[in-house]
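Here's the letter readout for the chains.
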Amino acid sequence: MNFRQALLTLAFIGIYFNVSWGQKRTVSNVVSIQLRNMGPILTKSEVTGYYMFYQTDRLSKNVYSYEIDILDQNLNKLTSHTIEGSKYLSLIDGIYNNSSLLLKLFDSNTEELTFTQYDGNAKEISKTVRVANGYEIMVISQTALNKKGQNITLFPIDKVGFVDYRSEKNKNYGYVIDFYPSEVGGKKWSVSSGKQSKVHEFASYIYGDENIIVSSIMSKSSLIGNSVEIRLLGVNAKTGEKMYDKALTDPNFEILILNGLESDSDGNVYMFGNYFPKGRSELSSPSLGLISVKLNNKGEVIEKNFISWADDVSKFIDINEKGKMKDVGFIFFHDVVRNADGNIYAIGEQYKKQMYGIGTDIVVEDLMIFELSKDYKLKKVNIVAKEKTKFSLPDGMGMNSSQILSYFVKSLGGFDYEFIEFNKDHSIFSIGYIDYVKLKGEDNKFIFGSITYTDSKPTKDSVELKTVKEKKSIRVLPAKIGNIVIVEYSPKEKTLNMRIEKLNY
Amino acid sequence: MPLKIKVEMEVIFIFLITLSFTSLNAQHSWIAKEFPYKDSTLKSIKFSHNIQLKKYGNIDDLEKVYNWRYNYINNLLEAKAVIYDESLYNYIDSIFNVITKSNPKLQSMEFRFFISNSPIPNAASIGDGTFIINLGLIRKLDNEAQLAFVICHEISHFYLDHSNQSVLKRHEKAQSKIFQKELDSIAAQKYGRNNMMKSMLKNNIYSQMNHSRLQEMEADSLGLVFFKNTIYNPTQSITCMNLLDTIDFYKYHEKINYNKSLSFENYPFRNRWLESETSMFGGPIEENYWDRDSIKSHPDCKIRSAFLKNSLLHTKVKVQNNYLQDSAYFASVKEQADYEFINSWIYYEDYGHALFFCLKQLESNQNDTCLLIKVSQIFKLIYDSQINHQYSKYVERPSPNNEKEYNQFLDFLDNIRLSEFANLSYHYHLAHLTKLNQNKIYLANYNYFKTQTSN
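Residue numbers (the numbering used here), protein chains in the order written: chain A, 33 to 537; chain B, 653 to 1107.
Fair warning: there could be bad hints in the mix.
Said to hold, decoys possible - 30 Å max Cα-Cα, derived DSSO-like pairs, lysine-lysine:
id, chain 1, residue 1, chain 2, residue 2
1, B, 753, B, 716
2, B, 1032, A, 93
3, A, 330, A, 422
4, A, 93, A, 191
5, A, 155, B, 986
6, B, 954, B, 1032
7, A, 420, A, 330
8, A, 203, A, 155
9, A, 492, B, 1032
10, A, 203, A, 191
11, A, 456, B, 968
12, B, 1045, A, 470
13, A, 119, B, 706
14, A, 406, A, 385
15, A, 119, A, 504
16, B, 854, A, 524
17, B, 842, A, 501
18, B, 1045, A, 93
19, A, 326, A, 470
20, A, 420, A, 456
21, B, 1032, A, 119
22, B, 842, A, 526
23, A, 456, B, 716
24, A, 406, A, 504
25, A, 76, B, 854
26, A, 489, A, 470
27, A, 526, B, 833
28, B, 757, B, 968
Claimed, not checked - Chain A side only, calculated, beta carbon under 7 Å to chain B, not exhaustive:
id, residue
29, 89
30, 90
31, 91
32, 96
33, 108
34, 495
35, 499
36, 501
37, 527
38, 529
39, 531
40, 532
No wet-lab data here; the hints were simulated from the structure. We put the beta carbon where it would ideally sit given N, CA and C, even for glycine.
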């Protein structure tokens, strides 16, 4: 059917898009969309809506129109907003900070990045445009090649703004952290390693609130080799002034902080990470265990707790799973959270580097959930067995350390962990992951697995997504507690179906 | 020609609805029978269609529409979405008879009607002399005269050939040089094609809806003429219109008191199940794309009611008949409809509404065993759909379009966990077991939930 025939048909059907019940939504007036162009909007860890970004028309030689839809948690459309841009415009990320929604868009033709904030009525409240540097363009391009890839550089700072992390090439590689305020009169600031830095420096987000943004700074004198120094950088969220910039030291171990949890009324921040044998590089040796650290606003350690794989964790493991802890390899910690009971859950995923010939794979294994008491003592370990999945690394990448590679794998969506979702009072939360099920006499299937903790008790569930032979693209998004949103894109029909489904627990 | 409301008597039969529930519900459900005359009915419809088509010189577009009508009726019968109850059928047939006898112009016309199991208060003229009357319409109306007015309105659509004229108008427009040029122009656009297409479609829909609203006013006007010729009370046309304007669909029955009907000694109802979610932006934001008044297929009931009132200003009301048949029968049909709706919601795979209306009716009649068994069945249906991750197929989620009480009920189903739902269902079955332990399905469901809670 050519365009003219299609027009004629549509003209008299009187329907050119259909909207059914709230929990199912079909968008069909879509010229171009990618599954990464939509995401959840979270209010204090609870999913309260979704955004969608898609191209709808070509307006002139170089101008295209795009639609931004905002849906509520039941997929009812709340509002939409039209913007214009070039053919090369794509959504890099979109996040909500309980006050405004920030969309980070990239135009691959002009190489411009646009940071636009929208208020609760999807009205634009601020816009910043800057030219992306070569390093950013390279990372964005690599991410775009992978269907599950997500460029994770943007983080919400509750109600006050957003921070965006990037690297730039000066004399050496350096970091830049940009803060985009949401509040009227809020200060936009940037901190960076400086153009004259004598070493390469890379920053990654650890924790942020209205008072402080904590980042991990990795500095290397040479890009090759595993010699590295890791520091923590605390920046005043209101002014952008550095509060501290120092390495975490311990007489017995090397420490690598990976996640921030929360801060207390005195401004002390609680963080988690791995610890390693003294003298060995944090980035190349397998870790000895999990560490929790309490840091004051001068960057001084007030409290430390070590949880060793060998001595502590193994006590909580079934005898037939003990082998897993002997050779734990590496664990990538995706999230550290606290529930209403005060228990802390560190959610990690085991991985190993596997070399074959000149190639290297990252083999992703079981999900590991460490349950800690209020005072950071290990209470339980929940190992969620999954099929092993292999993530093939580009040639030559295998020479990097496993820790470095884990960030690369994370940014390209190579881990199976998907997300965590909470209810309002944090008494219930669900951890979601993708698994692969081998079946006898049937096509193997992809499933979405969930572990839901209700008042600290876990329940497992799994939802079939598709068989390996089905060609549709599927993405699972977090939803209001006890639910997931399944997004299916059919390139043939150019339709996008979203449905909200309950989890069993 | 003698008056003939030709309702192929062999016709409509059906009964059905509901999966396997009718046998349990004998005291409340109309008796299901096999539909023995489906083929002959459809044959007769086909014959009638051919005659009507010849009148227009067999226009392609119209043929397609007649085929659609045939398939639509066929599907209704196949899908068992049509209710057949002889007494109800005769009751409505009598109303048709009264109308046609009072209006000589109608006596040569061939009509047929079906009663759909849909709870939505609506009726439709298919355009070939077939009328669909939803059970939901009968439930909504106050009396027989109001139903007669709705039938007069639908007959007027057919008498004025509205449906076919709309098709012909669209056909004419599609063939017109102006429209062809417009299409060519859009198709030839390099830029902004989608926006132009959307604009063209929008204007087309506005134009079609405007035409539809004009037709509705015409049908009201002529319908009132037909109605005034009968011995029904003509002022009931106004009351009927006002009634259709009200949204009391959810208010027929008492509000659900969850702490009474779903709270048990060993498993009390938890108020957190009724909590609604955080709303991101405080509710829906008005969309500007559509001018809402322009996409309505019907004019506002208020406008229609005022029009009818004005038309009756100089009419001396000689008759006050709200009923020509037994008023108690009409009331019993309405009562019966409440039960049938539960079956209908199940039939339309909407377990949320099915359970909601069950629980609402139980508020005023807590020992109604039929309703108690229905709740048992719907609990099982919802539970199984959730286990199979098919919940969203059968139960909708809260939406700004829903009535507040129904949204609260949906919140309850949303919030309750599977394990809690199993427990609640088990304790529900336990609470009524003494009354219903002779009912095989109730007992089977009791044992099922007992097993689920012991796992």
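So, going through the hints one by one against the coordinates:
1. 753(B) / 716(B): violated (33 Å)
2. 1032(B) / 93(A): Violated - the C-alpha atoms of residue 93(A) and residue 1032(B) are around 58 Å apart, more than 30 Å.
3. 330(A) / 422(A): violated (42 Å)
4. 93(A) / 191(A): It is violated: about 39 Å lies between the C-alpha atoms, which goes past 30 Å.
5. 155(A) / 986(B): violated (49 Å)
6. 954(B) / 1032(B): violated (43 Å)
7. 420(A) / 330(A): Measuring from Cα to Cα gives roughly 43 Å; hence the hint is violated.
8. 203(A) / 155(A): Distance of about 41 Å is beyond 30 Å: violated.
9. 492(A) / 1032(B): Cα-Cα ~22 Å, so holds.
10. 203(A) / 191(A): Outside the cut-off at roughly 36 Å; violated.
11. 456(A) / 968(B): It is violated: about 64 Å lies between the C-alpha atoms, which goes past 30 Å.
12. 1045(B) / 470(A): holds (27 Å)
13. 119(A) / 706(B): Distance ~53 Å between residue 119(A) and residue 706(B) Cα, so the pair is violated.
14. 406(A) / 385(A): Measuring from Cα to Cα gives roughly 34 Å; hence the hint is violated.
15. 119(A) / 504(A): Holds: residue 119(A) and residue 504(A) sit about 24 Å apart, inside 30 Å.
16. 854(B) / 524(A): Status holds; Cα separation ~26 Å.
17. 842(B) / 501(A): violated (37 Å)
18. 1045(B) / 93(A): violated (43 Å)
19. 326(A) / 470(A): Judged against 30 Å, a Cα distance of about 44 Å means the pair is violated.
20. 420(A) / 456(A): Violated, at roughly 34 Å.
21. 1032(B) / 119(A): violated (51 Å)
22. 842(B) / 526(A): holds (20 Å)
23. 456(A) / 716(B): With Cα atoms ~54 Å apart, residue 456(A) and residue 716(B) exceed 30 Å; violated.
24. 406(A) / 504(A): violated (44 Å)
25. 76(A) / 854(B): violated (40 Å)
26. 489(A) / 470(A): holds (28 Å)
27. 526(A) / 833(B): Holds, at about 28 Å.
28. 757(B) / 968(B): holds (23 Å)
29. 89: OK, holds: residue 89(A) within 7 Å of chain B, min 4 Å.
30. 90: holds (5 Å)
31. 91: holds (5 Å)
32. 96: violated (9 Å)
33. 108: Cβ of residue 108(A) sits 5 Å from chain B, so the hint holds.
34. 495: Since chain B brings a Cβ to about 5 Å from residue 495(A), closer than 7 Å, the hint holds.
35. 499: Where the cut-off is 7 Å and the nearest Cβ of chain B is about 16 Å from residue 499(A), the hint is violated.
36. 501: Violated, because the Cβ-Cβ distance from residue 501(A) to chain B comes to roughly 20 Å (cut-off 7 Å).
37. 527: violated (15 Å)
38. 529: violated (11 Å)
39. 531: At about 5 Å, which falls below the 7 Å cut-off, the nearest Cβ of chain B leaves the hint on residue 531(A) intact, so it holds.
40. 532: holds (6 Å)
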